[in-house]
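There are 2 protein chains.
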Amino acid sequence: DYVLVFYQRKQISVRGSDRLHRLSAPPHPPHRLSVCVDLAVEVELEADPAEGEMVLIREEFEARLLEAGLEMERDTEVRVYGPSFTRLHVPWQVLSREAEFLKIKIPTKKSYDLKQENGFSASLSEFWRKVNQPFQPNIPQLGHSTTKQLSHYAPTPHHTPHQAPRHALRHATPHAMPHAPHHAPHQLLHDEWARYGAFYKYQPVDLIRKYFGEKIGLYFAWLGVYTQLLIPASMVGIIVFCYGCYTVDMDVPSLEMCDKQQNFTMCPLCDGVCDYWHLSTACGTARASHLFDNPATVFFAIFMSLWVATFLEHWKRRQISLNHSWDLTGLEEEEDHPRPKYETVLLQKRQMMRNKEKKNEKKKKKKKKIETGVEKLTWRDRLPGYLINISSILFMFGLTFSAVFGVIVYRIVVSALMAMSPDPETKSNVRVTVTATAVIINLVVILILDEIYGAVAVWLTELEIPRTESNFEQHLILKAFLLKFMNAYAPIFYVAFFKGRFAGRPGDYVYVFNDYRMEECAPGGCLIELCIQLSIIMVGKQLIQNNVFEIGIPKLKKLIRAWKGKGISLEEREEQRARPPQQWNLDYTLVPFEGLTPEYMEMIIQFGFVSLFVASFPLAPLFALLNNVIEIRLDAKKFVTELRRPDAVQAKDIGIWYNILSGMGKFSVIINAFVISFTSDFIPRLVYQYMYSQTGTMHGFIDHTLSHFNVSNFRPGNAPTSSYLPETTVCRYKDYREPPWSAEAYQFSKTYWAVLAARLAFVILFQNLVMFLSLLVAWVIPDVPKNISEQLKREKTLLVDVFLREEKEKFHLLQSLFSSKDQRGSDTSVVATWSLNAVISHPCRLGVLFLKQCDDGTY
Amino acid sequence: DYVLVFYQRKQISVRGSDRLHRLSAPPHPPHRLSVCVDLAVEVELEADPAEGEMVLIREEFEARLLEAGLEMERDTEVRVYGPSFTRLHVPWQVLSREAEFLKIKIPTKKSYDLKQENGFSASLSEFWRKVNQPFQPNIPQLGHSTTKQLSHYAPTPHHTPHQAPRHALRHATPHAMPHAPHHAPHQLLHDEWARYGAFYKYQPVDLIRKYFGEKIGLYFAWLGVYTQLLIPASMVGIIVFCYGCYTVDMDVPSLEMCDKQQNFTMCPLCDGVCDYWHLSTACGTARASHLFDNPATVFFAIFMSLWVATFLEHWKRRQISLNHSWDLTGLEEEEDHPRPKYETVLLQKRQMMRNKEKKNEKKKKKKKKIETGVEKLTWRDRLPGYLINISSILFMFGLTFSAVFGVIVYRIVVSALMAMSPDPETKSNVRVTVTATAVIINLVVILILDEIYGAVAVWLTELEIPRTESNFEQHLILKAFLLKFMNAYAPIFYVAFFKGRFAGRPGDYVYVFNDYRMEECAPGGCLIELCIQLSIIMVGKQLIQNNVFEIGIPKLKKLIRAWKGKGISLEEREEQRARPPQQWNLDYTLVPFEGLTPEYMEMIIQFGFVSLFVASFPLAPLFALLNNVIEIRLDAKKFVTELRRPDAVQAKDIGIWYNILSGMGKFSVIINAFVISFTSDFIPRLVYQYMYSQTGTMHGFIDHTLSHFNVSNFRPGNAPTSSYLPETTVCRYKDYREPPWSAEAYQFSKTYWAVLAARLAFVILFQNLVMFLSLLVAWVIPDVPKNISEQLKREKTLLVDVFLREEKEKFHLLQSLFSSKDQRGSDTSVVATWSLNAVISHPCRLGVLFLKQCDDGTY
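Protein sequence lines correspond, in order, to chains G and V. Counting in my numbering, the first sequence runs from 1 upward without gaps. Counting in my numbering, the second sequence runs from 1 upward without gaps.
Among the hints, erroneous ones may be present.
Just so you know, same-sequence chains aren't split out, so a pair can sit in one copy or run between any two.
Subject to a maximum C-alpha distance of 30 Å in a straight line, what follows is the list of computed BS3-like cross-link-like pairs (lysine-lysine) [what the hints assert, rightly or not]:
{"hint": "1", "residue 1": "557", "residue 2": "637"}
{"hint": "2", "residue 1": "734", "residue 2": "750"}
{"hint": "3", "residue 1": "652", "residue 2": "316"}
{"hint": "4", "residue 1": "666", "residue 2": "349"}
{"hint": "5", "residue 1": "341", "residue 2": "793"}
{"hint": "6", "residue 1": "796", "residue 2": "810"}
{"hint": "7", "residue 1": "638", "residue 2": "541"}
{"hint": "8", "residue 1": "808", "residue 2": "666"}
{"hint": "9", "residue 1": "652", "residue 2": "750"}
{"hint": "10", "residue 1": "201", "residue 2": "637"}
{"hint": "11", "residue 1": "637", "residue 2": "130"}
{"hint": "12", "residue 1": "793", "residue 2": "376"}
{"hint": "13", "residue 1": "652", "residue 2": "638"}
{"hint": "14", "residue 1": "341", "residue 2": "796"}
{"hint": "15", "residue 1": "358", "residue 2": "260"}
{"hint": "16", "residue 1": "341", "residue 2": "786"}
{"hint": "17", "residue 1": "359", "residue 2": "734"}
{"hint": "18", "residue 1": "786", "residue 2": "349"}
{"hint": "19", "residue 1": "793", "residue 2": "652"}
{"hint": "20", "residue 1": "564", "residue 2": "356"}
{"hint": "21", "residue 1": "316", "residue 2": "793"}
{"hint": "22", "residue 1": "376", "residue 2": "316"}
{"hint": "23", "residue 1": "638", "residue 2": "316"}
{"hint": "24", "residue 1": "786", "residue 2": "376"}
{"hint": "25", "residue 1": "349", "residue 2": "793"}
{"hint": "26", "residue 1": "376", "residue 2": "796"}
{"hint": "27", "residue 1": "750", "residue 2": "359"}
{"hint": "28", "residue 1": "358", "residue 2": "555"}
No lab work stands behind these hints: they were computed from the structure.
One chain only, chain G, in its complex shape (with noise of 0.2 Å):
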């Protein structure tokens, strides 16, 4: 059943909204049916009508209630403010009207057993089953079933609540919502799934639906499904690193940057205060930089982008596998109402459209063609809307890229400052510091933007004035996205694909603000960097927006809500004392449920670390994997125990998020293949083996990386005034340019085109490999999985009997009413023959509507 919440301000002169606020109620009233439904429902009114409307407003929707076929049930006691609780039954005839009009499938008594398997793969399952049984949850009813229940649509209310009481309430106000808590389930939900220790334990997902409905219900079990498959990708990810750390010792081009003896000098960093300096000091970021830059990196990221088409096509295949058990398998999606914003702003430019006909009438006399039914709005009023949606957006895009180049700038002016430090401890430790500290701030902005951008985007696709709810919810998903990927990726994409590019050369650096050098990367390559980028915004992401923004604010919020409900008077005090407040009272200081979208943006970011860059960060899966095994039980814990019920929506699927899914599966495909053939010392290193190398192996890699400068061509003042190598006259930059003494002298180099050549070669050779592939696997991996498609089947032919005996049953029991009728001799034999014939002839799910039609014989 449901409670409507009227709160009535006690300020009763003040001009304001009145809400009815939602909250669930468990009243279990002895039901001829036995139906346990308990519903809620929550009413907005957008509008900001007098107070003498308020209280006609409440009761048009009261009686539209009633009119409905609704019952309802007040509080006893009028109050004259707070709260007041009133609570609807729903008859079990509106119920079936609705459901009928919903098309909700049911099961029906008619069950039938599911394929055994014979032989090995019936020990093999059954092995499996065993294996599994420790990872199940503690569910009664969901048991290794044999059987099905065949379904069809029908109204039933023990397995469908959620749906049609909400349409029952729509036909009388737009802004209905039922709720139905069960407690049996709220309590194993509570104790098999919201835990912190049932972590390694399959999700009860069929439960989840039964109390929370399919939308939720769909978002724990894709939830479930990615963390599963993140495991594989984990375990790869971890032997990829392993493989990594064996190599390290082993790995020519390193051992050769250690290798004090091959003492290149190296040009100083800046101009002026910075000294040559010894590569062999650059050792540590070389060896680290092996453990994510090596060739099993360019085999894990094509198995990722293998491992997100797989992913993709095992969520179809569960999808499918959820709507059959479920009984979606035929739901159409049902046409949205218009949003009460919606309605109004129509309402408003009729009112306006009015008055200026009347005006024109006025005026001009004239009979003009009168368009009185504004049936929609155009873009025209939308077109302020969109303006601003366009400006923000593309403001907030500045805003982003420049929080990316404050923190470029910051990390040039610090290191150049720390560079000028006379103590060499600082000196040495540069590059860790500078990095390290801004890769902080940048996180600290990222996570400050994120929360920005998601209320701006709530209120820009506000001003768009969107129809329907679903369309309210693809806009905002869609700006709320591109907001939050740009500033959480920026500064990766940064790293990765512009740091260090546009740093010049040596005696010809790129300088900005006239003082300050472009920042370069690391000797031992951008990678290492990038790596370090990765794994600091991801994690720290992570563990920040899970712990403060998922329990710590929501906690807050919860205080403060009782902080508020301090402020009643004395009196009201004692009289609660007296009377233990009901449930409703209690759930009344949830908080209310706000949608999924943050949770899936939580987790379509976190993909993208997965996906995107993995190329430079292996252990991605496994930092994902961590935080989702916890986010799984942390979300679980929201919903059952902080949050007020949530509406049950019916889904038949994740909707946009998969096409945003597969749209970022398809955009790293590219990204990688630019990491690996750009970012990472691959290619070139393939380039020397294969092209220069005199022996076949890497030995000489390093010097033939490193360029020629002849100091003597410095320009005054950029030389080091100081220098403990006085005799330098050559030193060495991490480039491929021509040698002082060749005609071209610090032109790019034959060796440069040819390896920027080998680069691109190998992105379309992998971005077209690995797209093959993946289709491959999206055509091999069949979306309908085989067991359902043959349970489909088995129901149809099962169907038509079940339908065909059912026929054959109303036949007999028509006839033998007839026939006692007839020996009567009644006149109205005519009629019941009309009848019998047309009840036989046609099935009854093919409609009495064609019955004249078969009779009158035209077809």
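We have chain G already, so just place chain V on it with the hints.
Relative to the frame of chain G, chain V by itself:
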């Protein structure tokens, strides 16, 4: 109705397969429901049973038909040999029952007005209608209808005569195909569709579907959409070509090539016999190249990629429109029954297993688990088939490649021989002659192999023993496509990407067979050769296939058939003269229908020419358009007059062909990217203009692309033996290599690597840009046309209204019935109320299945 043909051989003693041939028949028995269905059945009994069995099988077959409710009418006279005809009649009840099983939708009496546009859009659509008027075929009922009838699942033979009886016959025998010529439609199709004079008109698709069924209707609809969309593509193609013609006199590189003052002395093209030559002699090919190799081509390649995306989206929309207007929206794909071939093999396997088991039992006398039910063929049974498949396909790939290689050898040898000829006339025409003859050889080989591969694909697919007819079709299509695609495109791929790339350089040419140099492209670039190759193969293939294979061979077959029919005795001829032949005798002489696969295949291969290499030949869409305009009428003529009427097969879409089309669309993006960047001179020109040109113009480009060769570097015997330019010390050749005076003489130069990098970068840019734009196009164009989705919504609400009204009527009817009975005080009142309740609370579409459940209160 149906006609069975039982062909009894004259020589009764000869053991052979008796066949029941199919043909169509026109008898119109006056029918209770005025159903006008004429049907024909073909039954092929694949096994070779003995003569006695044959009669038994025929009798059993007929008995099963009678059992299924069909009525039968035999020829009055019994003939000993030759075809004998049995006419079948399917009663209304059988039709109804089968249509119900198939969930066939029919229009109801209830119709509704389509939404009328008003204001500007109405007059616009009126204008559009008038402009289109002359292009509409003259079909009476195909007017501008403003109403549509509501449809729902129910049987009516008027709209769906094809499927229902087919299903009925299938219960009796695995190979029964129905048939239904309407005579009026046939005449209309003949006059308004199957003639060349109507080439500019739309096709009467609804009528085609009515007469030939959905599958063939969809083929012609698809062909129509494809042809229609070729119009804009060919117009843009013509514009691009005209741009090339217009700018040919302004193109600096070709002007420089033709400029006799800039007289580059080119190195000889072969050793010894060849002389130095002047570049200006290649002026013609350079100018011709420019027609196809200009910046507009890049634009055209992008345009055509988007065109492919648009075409696919447009077809999706059209398909959904057709599904809607043909009432196929709810149609579920029917499970195909196993093919007779499959069942035969299965039967043999079972027999073998049983024999083995018996032996085993005798030998071992042990009780083993006996698997009596061999349910299906496993991969083990198919292994020989698969092995033959793989080896044959590999062999045919080899065949194709050797054909291509053979033509290459022909070209090399002939051009070497002709170059040695003393006649200067011969020498100058070498390239044109050799190219043209080689392409014609290619064409002939392609045409011959095409026919062979088509037959081999069928044979190979039979070896695989696919379970169902649709499996068979899919496997066949994939195999045939693979083979024919390779066959048609292998020489084109060679010219586009391999020709001239392994030719070596002067002084170090690559030789095949020790004696002959690898061939090079013309100095104007390979693009012009690709263009010639493409146009000749495309146009030639289409002309020859249309004329010889689609017109000639059917006529020949008909002739042979008629000639065979002459072998009847004199008496019979007399008899025939006495009785004019029935319609079925005439139809029996027509060619049987052999599926749509060859028709689709031809179009798909053509689609490849239009999409895959369109960057090199902008006129391809035009040639395709001209061909298709004829092709439609040719196919129409064939279907209407030359083939026995094909089985009407229901289909919602064009099946696997769509996937092939979309795959080719994807493939075309990368192919075009490579053609533009590697085959054309677009990238080298860009690189020259922006990296090397002193003036920023194209002047000096030809000089830049030619490398230097010192004639003293010729190996002994390789230099021209007699030359009319004896003073030459340095000759030029087209490549980017270091000059003789460089330290790395004849190595690839820096420019080579820079150009290569630019080419590869262009491929990446082009591919990703076009893929992104294609995705955008697919996303912007909604799959379901707006008016269709609106109509669907309206239909849904209307259907609900109609059902509710019907329900009410029924309620009243039953109430009156029961009330009259209640007055009598019958003791069946409990049953009566029960039944009444049931009918009231459940609209018929929900089925009576739930009566008990609702009543016993557990749900």
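We went through each hint and held it up to the structure:
Taking the closest pair of Cα atoms, residue 557 and residue 637 come within 30 Å of each other only inside a single copy of the chain (16 Å); across copies the shortest separation is 77 Å, beyond that limit. For the identical chains of this complex, residue 734 and residue 750 are neighbours both inside a copy (15 Å) and across copies (20 Å), given an alpha-carbon limit of 30 Å. Taking the shortest alpha-carbon separations for residue 652 and residue 316, both the intra-copy value of 11 Å and the inter-copy value of 23 Å come in at or below 30 Å. Taking the shortest Cα distances, residue 666 and residue 349 never come within 30 Å of each other, neither inside one copy (43 Å) nor across copies (47 Å).
Taking the closest pair of Cα atoms, residue 341 and residue 793 come within 30 Å of each other only across two copies (24 Å); inside a single copy the shortest separation is 46 Å, beyond that limit. For the homomeric pair residue 796 and residue 810, the shortest alpha-carbon distances inside one copy (21 Å) and between copies (28 Å) are both at most 30 Å. Taking the shortest Cα distances, residue 638 and residue 541 sit within 30 Å of each other inside one copy (19 Å), while across copies they are farther apart (68 Å). When the C-alpha separation of residue 808 and residue 666 is checked against a cutoff of 30 Å, the pair qualifies neither within a copy, at 56 Å, nor between copies, at 55 Å.
Neither within a single protomer nor between protomers do residue 652 and residue 750 lie at most 30 Å apart by alpha-carbon distance, with minima of 57 Å and 58 Å respectively. Taking CA atoms no more than 30 Å apart as the test, residue 201 paired with residue 637 passes inside one copy only; the shortest distance there is 15 Å, against 67 Å between copies. Proximity of residue 637 and residue 130 under a CA criterion of 30 Å is satisfied intra-copy only: 28 Å inside one chain copy versus 66 Å between copies. Taking the shortest Cα distances, residue 793 and residue 376 sit within 30 Å of each other only across copies (17 Å), while inside one copy they are farther apart (44 Å).
Only within a single protomer do residue 652 and residue 638 lie at most 30 Å apart by alpha-carbon distance; the minimum there is 24 Å, versus 46 Å between protomers. Taking the shortest Cα distances, residue 341 and residue 796 sit within 30 Å of each other only across copies (27 Å), while inside one copy they are farther apart (44 Å). For the identical chains of this complex, residue 358 and residue 260 are neighbours neither inside a copy (93 Å) nor across copies (82 Å), given an alpha-carbon limit of 30 Å. In this assembly of identical chains, the alpha carbons of residue 341 and residue 786 lie at most 30 Å apart only when taken from different copies (25 Å versus 46 Å within one copy).
Taking the shortest alpha-carbon separations for residue 359 and residue 734, neither the intra-copy value of 77 Å nor the inter-copy value of 80 Å comes in at or below 30 Å. Taking the shortest Cα distances, residue 786 and residue 349 sit within 30 Å of each other only across copies (25 Å), while inside one copy they are farther apart (54 Å). In this assembly of identical chains, residue 793 and residue 652 lie within 30 Å of each other by CA distance both inside one copy and across copies; the values are 20 Å within and 19 Å between. Proximity of residue 564 to residue 356 under the C-alpha cut-off of 30 Å is found in neither arrangement, the shortest distances being 47 Å within a copy and 86 Å between copies.
For the homomeric pair residue 316 and residue 793, the shortest alpha-carbon distances inside one copy (20 Å) and between copies (27 Å) are both at most 30 Å. Taking the closest pair of Cα atoms, residue 376 and residue 316 come within 30 Å of each other only across two copies (28 Å); inside a single copy the shortest separation is 36 Å, beyond that limit. Taking the shortest Cα distances, residue 638 and residue 316 sit within 30 Å of each other inside one copy (27 Å), while across copies they are farther apart (44 Å). In this assembly of identical chains, residue 786 and residue 376 lie within 30 Å of each other by CA distance solely across copies; the values are 16 Å between and 46 Å within a copy.
Proximity of residue 349 to residue 793 under the C-alpha cut-off of 30 Å is restricted to the inter-copy arrangement: shortest distance 26 Å between copies versus 53 Å within a copy. With identical chains, the CA atoms of residue 376 and residue 796 are at most 30 Å apart between copies only, with a shortest distance of 22 Å across copies and 43 Å within one. Within a single copy, residue 750 and residue 359 get their C-alpha atoms no closer than 78 Å, and across copies no closer than 77 Å, so neither meets the 30 Å cut-off. Within a single copy, residue 358 and residue 555 get their C-alpha atoms no closer than 56 Å, and across copies no closer than 76 Å, so neither meets the 30 Å cut-off.
The structure does not agree with the numbered hints 4, 8, 9, 15, 17, 20, 27, 28 stated previously, though it agrees with the rest.
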